Structure formats: structure tokens, C-alpha cells
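K.L.:
The lines below spell out each chain.
2 protein chains.
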Amino acid sequence: MKDLVNISDVKHHVGETVKIGAWLADKSGKGKLQFLQLRDGTAFFQAVVFKPSFIEKFGEEAGEVKFNEIKHLAQESSLYVTGIIKEDARSKFGYEMDVTDFEVIGHSEDYPITPKDHGTDFLMDHRHLWLRSKKQMAVMQVRNALIYATYAFFDKHGFIKFDSPILSGNAAENTTELFETDYFGSPAFLSQSGQLYLEAGAMALGRVFDFGPVFRAEKSKTRRHLTEFWMMDAEYPFLSHEESLDLQEAYIKALIQGVLDKADGALDILERDKDLLKKYVETPFKRISYDEVIDLLQAHENDEDTDYEHVEHGDDFGSPHETWVSNYFGVPTFVVNYPASFKAFYMKPVPGNPERVLCADLLAPEGYGEIVGGSERETDYAALLQKIKDNGLQEEDYDWYLDLRKYGSVPHCGFGLGLERMVTFVAGNEHIREAIPFPRMISRIKP
Amino acid sequence: MKDLVNISDVKHHVGETVKIGAWLADKSGKGKLQFLQLRDGTAFFQAVVFKPSFIEKFGEEAGEVKFNEIKHLAQESSLYVTGIIKEDARSKFGYEMDVTDFEVIGHSEDYPITPKDHGTDFLMDHRHLWLRSKKQMAVMQVRNALIYATYAFFDKHGFIKFDSPILSGNAAENTTELFETDYFGSPAFLSQSGQLYLEAGAMALGRVFDFGPVFRAEKSKTRRHLTEFWMMDAEYPFLSHEESLDLQEAYIKALIQGVLDKADGALDILERDKDLLKKYVETPFKRISYDEVIDLLQAHENDEDTDYEHVEHGDDFGSPHETWVSNYFGVPTFVVNYPASFKAFYMKPVPGNPERVLCADLLAPEGYGEIVGGSERETDYAALLQKIKDNGLQEEDYDWYLDLRKYGSVPHCGFGLGLERMVTFVAGNEHIREAIPFPRMISRIKP
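Protein chains in written order, with this note's numbering: chain A, 765 to 1211; chain B, 765 to 1211.
It should be emphasised that the hints constitute simulated quantities derived from the structure, not laboratory data. Among the clues, some could well be false.
Calculated cross-link-like contacts (lysine-lysine; reagent style DSS-like; alpha-carbon spacing at most 25 Å) [claimed, not checked]:
1) B:Lys1170 <-> A:Lys835
2) A:Lys783 <-> A:Lys815
3) B:Lys898 <-> B:Lys835
4) A:Lys1107 <-> A:Lys985
5) B:Lys920 <-> B:Lys898
6) A:Lys783 <-> A:Lys796
7) B:Lys1210 <-> A:Lys1153
8) A:Lys898 <-> B:Lys920
9) B:Lys1170 <-> A:Lys880
10) A:Lys775 <-> B:Lys920
11) A:Lys898 <-> B:Lys1170
12) A:Lys1017 <-> B:Lys920
13) A:Lys1170 <-> B:Lys898
14) B:Lys920 <-> B:Lys899
15) A:Lys1210 <-> B:Lys1170
16) B:Lys1170 <-> A:Lys899
17) A:Lys1170 <-> B:Lys899
18) A:Lys1170 <-> B:Lys791
Keep in mind it's a predicted model, so treat the numbers as computed, not measured.
Could you build all of it, start to finish, from the sequences and the hints given here?
P.N.:
Here it is as C-alpha cells:
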């Protein structure tokens, strides 16, 4: 059906008669008019059926039959629609169609998702259909734009895609948060992060990234947690920690710009404040140390509009603190040099301060919390081995990882981005569950 | 270290003094000369150390010390090397460096992979280091080029990336080939293919593709099987089966061209016949029906150079037959309309011939076998339900999939490509295990 035109392309066909393949998302009418809300996955737009036109074209009887057929067509029926494209200044989309003919492809009876309100559980039970709705389509277009922007950015910066394995025979971290499977008689675990493998990649191929699903068997039931989500990890030799932050900042800006460029209409549907997104692209991100953040939090803890708990130097802080910090600066904010005690074993200490590590979390503004975490990696064999032992981990699970420090160790940094958190932030959504086609949460594994 | 230059970029610095960060892949020397084979992940090249230059620059004693240091540096030591870039017509790479200074970053003792021969098991046990070798790096660059070409192709053709879930509560197919995990008290299974979910995506978003890891708990120990591999699946409404083949052919050609463009040096290292690859891009692929293939196989079964077994119409054929067919035509060959009996339940029958289905396998030439499988999908609710029952599958596992035929069913097709098979074919490799960074096979889950 190469003669079909996408709804997103009708702007190139004003005044022409075109044919589209579409679904009937909604419909209204009065008297001799029917207004069809059509969707084809690329966009939604309106097609107008005028009964006298049908009668003029098909004759009194056949025209009447045809008009009645469209008048009684149910929501989500599929059809080919032929008509003339017109500009329509009244609609946001800007174009509509005067229908000259149509052909029903597939009927639809009692479509479960109606324009009335449904609870989230009901919608999630019908996720395969809910994806057809305007807002869900827009979120998927934002996600898609972020994915394409990721590949474009890393290609431009000389990175090789290096796919870390999902299944591994080592339980590299706390097994209570790992999904386990029987691998031909031995236990295997689903990856929580590809980072360690990516470091091997960086020593072989230079700049590398992976981008795939990871799994956390956490029993968290928050609006920021999924058990299966997509993670982008990048790893690179020969960059300093500061240069690594520059790279991360450039990447996040490229992601936001990528959505502005590729999914502008989706941001409109989502009613996202695009000026704010543009500001994040244009303004340098804030960089502040963990200890400075603690000072700042302490200084403001009695302000009228704050509602976070008191924190001391050395405490981990939570999402209310993160929200306050990023709102305070109004732009994405790198918090650097956290205490070693609550960060991963492989991070390199700050020179002269072994209690702090060369790491950074990037906090998104508007309360969206952490979207990126990264660090400079420990390069010294003995220091790394000691950290593994101090953390109660098994040396034999890390033998190959330790090898990377044995044979030509080099300075290297890396970071990871949670795709669904980034989607949620850029789309301006409340809950992470709408940021992935089929979300997996503690009580949700179907459809 | 933004002042470092990649080896792949030295061609832009002829006559200049540059600094690179690199590993010592190999070394040779005689008298006053040391020839360093350096690698930095982007490429390999030679750097030459001339003792009198060191003595001239650093003085008699210090120059001697420095020359001896480099002379005794072990394989895979890491170092910063400074020197002048020169053209070198004798080497394939075309450039080399006259070293003026160096600084060792990390030492390396008893690197396990030496220039001598190692068995595959040994190399796979050291996969994290084996990836540093020239050939493995080249294969990863081919893989990378195929990934980027995939995104470029689907972007150009209006596809949305739609990530199908890995974990699912339904065992949609034969559970003996599925990895299972305990999902908070219920069984869940690792995806073998995202296709069914992708069909839901196509009804919501139009043209969609996914590209991620899939899992098969097959006990196959062949050179064409992995238990974890990357699959690209595409799904699209409103294209006929013939148009679908056109799209697949364009995609495969774009992939091969993408490697020729982006990984030309890697193909040289792999000694791949690039003229053959160019021929596959330039020549139309062959399209032939299953029944015509059976006729052809029967007609040639007594030829001198054939060694496949006799096949009848209705028989599935094996890899010797596939090899013969694709060699016979000398280009990638679509075999269409296989018997319904050995293809998946969701394929649409050939009009007027319910024993054959509208599907195609693409056989790569040179004995590389099937790389793509696709079909037009059954769109009729009753026919699909009957096929599910006939195949002994549970209707309740497919309720949401059946919904896609209940609410505005439309004609749609799709296909899947196994990334590692494509890598193996384009790289000209023997075995699929080298086509992925960390292969998972029946007896291989580490490192």
C-alpha cells in the first residue's frame, strides 16, 4: 500500500486527494456532518464527512447508506479514508480532510477504553490498547526521540556500542535484588547494570556504551521504580572526572534538544513547558559537592517553604532533599564527591580525602530526581581488591574485573542513565510506569 | 585528557607532534630500534623508538635508561606516547609515529594471551582480554556499524523504536526453550522474541521496531547458536507481503553498505572479500518459493558437487540445503511461502492455498544460512483463535494478542533479524560466538 499517506505527512499534500490507513479514535456529529478523529500512529487529525457530498457522488440511496455506515462506525474501527487535505487554522494540528470516500477494514465492538475515566489498573491491564491513546503515543514518541538522540550523540563522539551480557554466572552484588534463573543446572542472574563488562570493553575498544534492559528485583513500590528498565551506560578511558562531567552535560543537552527537534508535536500533546526544556539546553548545569549541598540544606532547613529532614555530613539524603536542591538551582545539578560509604566499591577516592569519591549524580529539576550516576573508577589493583573485601564481596566473582587493573590499567570514567527516568522528566509525567511500552512492577508482569 | 589524539585520527596530523594514550599490543626490535605495536581501541599502528634520538634529547645516561625502559616493557602495558606522525606506505594502516617521549601509565606482567596459539576455551575464559586482539576488535567494529546502520535505516523509513518487554508472565510458546525466573512468587519467562508485543505497538504507533536481547534455552551446540543474542524485530501496518520483502531487502543492503562505509578498516583486518559484499548491495536479491526450491533441490540432488539429502514437498530442509540454494544463486535469497505446518501459528495463509503461508526466510550466501525470517500476519480473529487451538496453545495466554484482531484489525507484516548471524556473515567469521562481546552458550556463562 505504498500509495498511503501518513497523517504526519498530510501537510505536504494540501489541496490534493490522498488516501490514509487509520483507526477511528473518536467521532462526533450533528445533522449532515460527521467529524472523525483519525489516528495512524504518526499523528491524530480530523476528517469531515458531509452527507450531501456523498449523495452527490454516490447517488441518493448509496450515499445515504454510506453516510449511515460511517455514522455508526464504532471506536477503533480501522479504515482506509480518501479525501482532500485542507489547512485548518482552528486546530492545533493545522490540517484536516474533507472525506470523499472510505472503506472499512476491520470492525471494533465494545472497545474497552472509552473517553470516560478509567483507573490506572484497568488501563494497565489493557496496556496493549491503552498505547493507542493520544498521550501514550506522545510519550512513546518522546522515548523514541531520546533513543535516536543517544545513538547520534555517541556516534558523533566516537563511541562503539558494546552490548554487555544480561545473563551472568556471578552474582556480582547483593543477590536479594537479582532475578535468578536456572542455566542448564547452574544458577545465573539477570544483569542490574552492564558497567563492569563495559569497563572491559573500554580497555579493548576505547569509548564504549551499552543501552539495553536491566533488572532489579527490588520490592520498591514508588512512582520512580520499575523492575525492568532500559539503561544507557558509557565508559571511556583517558578522560578526567571534570571532562567526564562535560561529556555527561553535553549528552543530556543533546537528549533534550533531540526531543525538541524530533517530537515537538508530542511535547505539545503532553503540554510540556518547552521554554523550560530550552532553558536546560542553553544554561550551564550547576556543579556542587555533596558537602556543599549538606551545608546548603542545613542553612535552609528552617525556611518557610522547605519540608525535608535535617541531614548531617556523612548522611545519605533522600528525594525531598534532591527535589529542594534541584529546584534551588533551577537547572540540572551535578552533586559530586559523595561519601565513599554509600557509593559503589569501584569508585576512585578524591585525592587527599579517602572518605569521599570522585562521583556525580545528576539531579533533574522540577522534582524529577536523579537521572544520571557516574564516577571515575579505581585503577589500582591493590586498592580495588581491598575495597572488594571491605564490602564483603567475593574476590573470585571479580577475578576478570581485577584483571583490568593488572594488565595496563588506565584512568577511566563512566556514567549510566535510566531511560525511563529521562522520559518521565522530558515528557513531564508523574509516574515512570508510562515511560515504557509494557511496564514491569512488583505486581505487574502482564500483558 | 582532551589533548590526546586517537590512532584512527593520526592521518589528520601528519608532520605534527601528537600524544596518544595506548596499550602495547606487541613489540620487536633490533639494536638501536624498537618497533611498538600500539592500540587504543580505535586502531592499531606502529611507533618507532630510535635510541640515538632519546640520547640526543635526554642526554647519554637518561636516554639510555629511557630506551631500556621501553625495550623491557611488557605486552599490554599502558602508556602515553608522544611523537611525530609520518606517512608509511609500507604498512596497510598507512601511518606510523617517530617516538619523542613516553610515560608508562600501568604495567602488565605475564599477560595471558600471547602471540602464540591458544585454544578457544582458553580464549573464551579470558574473553575480557581477548577482546583486545586485532581480530576481535574488528568484529566488534562490524557489529557496531550494523547497529548504527539499523537505527539510520529505521529512522529514514519512519519507524519508532518500541522496546518489547523481556520478562513476561505468559509462557507464550514451548516452555522447554524458555528461561524461567521467580517473579515475586509467580513464574516469569525471558523473551524469545518481542514480535507479539511489537504487533500491539504497530496498531498503536504505526511502523515500529525493537532491538534488544532475547533468550533461548536450547541445548543446541552448533556454530550458529547462542542462548542470549540480539534480535531486531520490525512490524508495520498497511504493507503487502511483496512490499514487506522490498523493505527487508533495502534494510539488509543498508546494513552491508553501513559496514562498508563505517568499518572499512575492520573488513581489511578480517580479510573479508569486500567486492562480494558490494555485489550483495548492488544485485537484486533472489525470490523463490519453497515449492520451487524443493523442485530445484530434487533436480540437482544427483549433481556431482551436491551433498544434501533428498527432500519431498512438505519436508523441512536443513542447513546443507540452505547452503546449496544460496550458493546456487550467489546472492541473498528469499525463500517464500513455506508449509504452514512448520511455521508459527500467526502467519497468514497464501490466498487459495491454506497449506502454505505468506512468509519468507532470507538465506545469506556463502553458507551463512538464515539471517532473516518474516511473514504477513493473520488478521482474522476466528482464524487466529483456531490456529492457537490447533497448535495446542492456551487461549488465555493470547487474550491480549487476540484483542488486536478484535479492535480494528489491519493488514500487517514484520520480520526479525538475528544480529550475531548478520555480524558473522558480514565479518566472514566461522562461528557465531565471536559476534557478541560476552557470548552465552550451553556451557559458557562466564566471565
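K.L.:
State for each hint whether it applies.
P.N.:
To see whether the hints hold, each was checked on the structure:
1. The hinted pair formed by Lys1170 (chain B) and Lys835 (chain A) meets the criterion: a straight-line CA distance of about 20 Å does not exceed 25 Å.
2. Between Lys783 (chain A) and Lys815 (chain A), the direct Cα distance comes to roughly 19 Å. Compliance with the 25 Å bound is thereby established for this hinted pair.
3. The suggested pairing of Lys898 (chain B) with Lys835 (chain B) holds, with an alpha-carbon distance near 22 Å, which does not exceed 25 Å.
4. The suggested pairing of Lys1107 (chain A) with Lys985 (chain A) holds, with an alpha-carbon distance near 23 Å, which does not exceed 25 Å.
5. Simply put, Lys920 (chain B) and Lys898 (chain B) have alpha-carbon atoms about 33 Å apart, too far for the 25 Å limit, and the pair is violated.
6. Among the hinted pairs, Lys783 (chain A) with Lys796 (chain A) is consistent with the structure: their alpha-carbon atoms are about 22 Å apart, no more than 25 Å.
7. Restraint check for Lys1210 (chain B) and Lys1153 (chain A): the C-alpha separation of about 21 Å stays at or below 25 Å, so the hint holds.
8. Note on Lys898 (chain A) and Lys920 (chain B): the hinted pairing holds, with a Cα-Cα distance of about 23 Å set against a maximum of 25 Å.
9. With a C-alpha separation of about 21 Å, the suggested pair Lys1170 (chain B) and Lys880 (chain A) falls inside the 25 Å cut-off, and the hint holds.
10. Only pairs whose Cα atoms come within 25 Å are accepted, and Lys775 (chain A) paired with Lys920 (chain B) is accepted, the gap being roughly 18 Å.
11. For the given pair, Lys898 (chain A) sits about 20 Å from Lys1170 (chain B) by alpha-carbon distance, which is consistent with the 25 Å threshold.
12. A threshold of 25 Å between alpha carbons decides the hint, and for Lys1017 (chain A) with Lys920 (chain B) the separation of about 23 Å falls inside it, so the pair holds.
13. For the given pair, Lys1170 (chain A) sits about 20 Å from Lys898 (chain B) by alpha-carbon distance, which is consistent with the 25 Å threshold.
14. Note on Lys920 (chain B) and Lys899 (chain B): the hinted pairing is violated, with a Cα-Cα distance of about 32 Å set against a maximum of 25 Å.
15. For the hint pairing Lys1210 (chain A) with Lys1170 (chain B), the CA-to-CA distance comes to about 19 Å; that is within 25 Å, so the pair holds.
16. The hinted pair formed by Lys1170 (chain B) and Lys899 (chain A) meets the criterion: a straight-line CA distance of about 22 Å does not exceed 25 Å.
17. For the suggested pair Lys1170 (chain A) and Lys899 (chain B), the alpha carbons sit about 22 Å apart, so the restraint of at most 25 Å is met.
18. For a cut-off of 25 Å, the pair hint linking Lys1170 (chain A) to Lys791 (chain B) stands: about 19 Å separates their Cα positions.
Of the numbered hints listed earlier, those contradicted by the structure are 5, 14.
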